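Below, each chain spelled out in residue letters.
There are 2 protein chains.
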Amino acid sequence: MQRYFVEPEAIQGQTVTITGDDVKHIVRVLRMEAGERVIVCDGIGHAFCVELTDLGQDRVLGQIVEQLTDQVETAVKITLAQGLPKGDKMDMIVQKGTEVGISRFIPLEMARCIVQYDQKKEQKRRERWQKIAKEAAEQAHRTLVPSVAVGMTFERLMNSLDGFDLVIVPYEGEKARGLREVLSERPDVEQICMVIGPEGGITEKEIATALAMGAIPVTLGSRILRTETAGLVAAACICYQFGEMGG
Amino acid sequence: MQRYFVEPEAIQGQTVTITGDDVKHIVRVLRMEAGERVIVCDGIGHAFCVELTDLGQDRVLGQIVEQLTDQVETAVKITLAQGLPKGDKMDMIVQKGTEVGISRFIPLEMARCIVQYDQKKEQKRRERWQKIAKEAAEQAHRTLVPSVAVGMTFERLMNSLDGFDLVIVPYEGEKARGLREVLSERPDVEQICMVIGPEGGITEKEIATALAMGAIPVTLGSRILRTETAGLVAAACICYQFGEMGG
Numbered sequence: 017m018q019r020y021f022v023e024p025e026a027i028q029g030q031t032v033t034i035t036g037d038d039v040k041h042i043v044r045v046l047r048m049e050a051g052e053r054v055i056v057c058d059g060i061g062h063a064f065c066v067e068l069t070d071l072g073q074d075r076v077l078g079q080i081v082e083q084l085t086d087q088v089e090t091a092v093k094i095t096l097a098q099g100l101p102k103g104d105k106m107d108m109i110v111q112k113g114t115e116v117g118i119s120r121f122i123p124l125e126m127a128r129c130i131v132q133y134d135q136k137k138e139q140k141r142r143e144r145w146q147k148i149a150k151e152a153a154e155q156a157h158r159t160l161v162p163s164v165a166v167g168m169t170f171e172r173l174m175n176s177l178d179g180f181d182l183v184i185v186p187y188e189g190e191k192a193r194g195l196r197e198v199l200s201e202r203p204d205v206e207q208i209c210m211v212i213g214p215e216g217g218i219t220e221k222e223i224a225t226a227l228a229m230g231a232i233p234v235t236l237g238s239r240i241l242r243t244e245t246a247g248l249v250a251a252a253c254i255c256y257q258f259g260e261m262g263g
Numbered sequence: 017m018q019r020y021f022v023e024p025e026a027i028q029g030q031t032v033t034i035t036g037d038d039v040k041h042i043v044r045v046l047r048m049e050a051g052e053r054v055i056v057c058d059g060i061g062h063a064f065c066v067e068l069t070d071l072g073q074d075r076v077l078g079q080i081v082e083q084l085t086d087q088v089e090t091a092v093k094i095t096l097a098q099g100l101p102k103g104d105k106m107d108m109i110v111q112k113g114t115e116v117g118i119s120r121f122i123p124l125e126m127a128r129c130i131v132q133y134d135q136k137k138e139q140k141r142r143e144r145w146q147k148i149a150k151e152a153a154e155q156a157h158r159t160l161v162p163s164v165a166v167g168m169t170f171e172r173l174m175n176s177l178d179g180f181d182l183v184i185v186p187y188e189g190e191k192a193r194g195l196r197e198v199l200s201e202r203p204d205v206e207q208i209c210m211v212i213g214p215e216g217g218i219t220e221k222e223i224a225t226a227l228a229m230g231a232i233p234v235t236l237g238s239r240i241l242r243t244e245t246a247g248l249v250a251a252a253c254i255c256y257q258f259g260e261m262g263g
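Listed in order, the protein sequences are those of chains A and B.
Going by the working numbering, the first residue of the first sequence is number 17, and it counts up by one from there.
Going by the working numbering, the first residue of the second sequence is number 17, and it counts up by one from there.
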């Protein structure tokens with residue numbers, strides 16, 4: 017069944033109002049009619065089977081038939097703080113990371129970022145990434161749309177780690193402590209943050225800061241992963257460890 | 017240190033001969049001189065520290081200083097049989113799959129492939145994918161260049177599974193048996209084949225054939241992964257399970 021995300025406010029009692037681009041998709045692309053059903057998610061974890069009742073040019077109305085209770089979202093919540101990569105790599109990171117199960121993306125300004133974070137362009141880029149996250153969430157049948165945070169500096173992130181139970185930093189210089197060892201020791205974690213360096217990697221100074229703030233450098237094995245691959249792979253391993261990748 | 021792959025024949029006794037595009041890279045791009053060192057891999061699992069002795073326009077000679085014994089390659093060998101995806105997605109699959117640790121790629125013609133396998137274009141595409149695998153292997157510090165097989169039909173693959181200890185087929189229709197369960201039951205496997213369907217998925221008929229040939233359908237969890245993401249994610253989980261992702 018076709019899936020759409022709406023804002024939580026678009027669901028009032030049993031009535032759902034779909035607006036924006038999705039109207040065109042329902043009415044013109046799929047040419048759906050009253051009586052047909054779609055799945056509507058509110059983006060914060062709830063999914064409903066909805067029967068369409070009124071299809072207009074600007075909005076589509078529907079009635080909730082039932083709430084869906086499949087557990088699609090991971091119990092452990094994963095945040096990817098990604099050192100800003102070159103070109104359009106962040107698009108791919110947001111798309112694939114959403115598929116795997118990441119809940120939140122933080123674009124990170126780090127010492128070796130080649131692309132400098134541009135305050136002027138920021139709003140536009142963030143909107144773009146948020147749209148990619150929404151589309152990927154629909155495609156992956158998620159009920160939560162991962163959020164893309166406003167970009168921040170590495171230092172600022174390091175000073176706002178309170179909400180996380182575990183902060184890991186995959187780092188080429190770490191040879192001993194593996195991801196599996198760290199995760200196995202912490203079966204209770206609920207909020208994990210992964211910090212991934214940009215193309216040039218993480219500086220020793222950044223690692224020292226991270227260590228001082230309680231983050232744990234880990235190795236992801238002896239093969240060197242590109243910046244756009246590391247977060248995705250680490251997220252897959254975290255999901256696997258916590259039984260979220262097909263128990 | 018810079019890394020290069022050569023054919024095994026390019027290493028004779030202690031002397032290494034580098035030819036092709038890498039000569040330009042060493043001589044013109046990096047402007048290296050005699051006495052400088054690089055890492056040379058033979059692509060079948062051996063790596064050497066090599067001191068350059070003679071730099072020409074067509075070939076660079078060097079002497080082996082020592083063999084490197086770091087274990088970069090995974091003990092378990094992973095083959096990805098990938099239902100041919102649209103556009104240039106296979107490029108990304110080969111690049112990222114090489115980083116994660118896949119040893120062999122098989123482009124697979126399946127019932128729901130949108131792109132038909134083109135015998136005429138085949139040689140050229142395979143050369144392209146093989147080049148991507150070599151470059152990704154260098155970047156990932158692997159000592160083995162994954163091979164890209166000649167494309168084959170799903171039926172032909174199903175009749176040539178003898179060499180594998182375990183054949184898994186991530187399948188949306190499989191709800192019960194998870195990847196972790198299957199891998200946990202088989203700690204002894206050495207050769208794993210993953211069969212990934214194209215955009216449209218695997219047909220029920222293909223699943224029936226796979227089952228009959230001893231392959232095991234598995235779920236990768238409740239989030240639906242795109243075809244270009246599934247193999248990469250499953251490979252990461254296999255490496256994680258076998259302690260290859262930072263034990």
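There may be inaccurate statements among the hints.
Just so you know, same-sequence chains aren't split out, so a pair can sit in one copy or run between any two.
What the hints assert, rightly or not - With a straight-line cut-off of 30 Å between C-alpha atoms, the simulated DSS-like cross-links for lysine-lysine are:
#	residue 1	residue 2
1	Lys105	Lys191
2	Lys40	Lys221
3	Lys221	Lys147
4	Lys40	Lys102
Just so you know, the hints here were simulated from the structure itself, not pulled from any lab data.
As the structure is a prediction and not an experimental result, all values here were calculated from the model.
Exercise for the section: Mind listing which of the numbered hints don't hold for this structure, in increasing order? Expected result: 2 and 3
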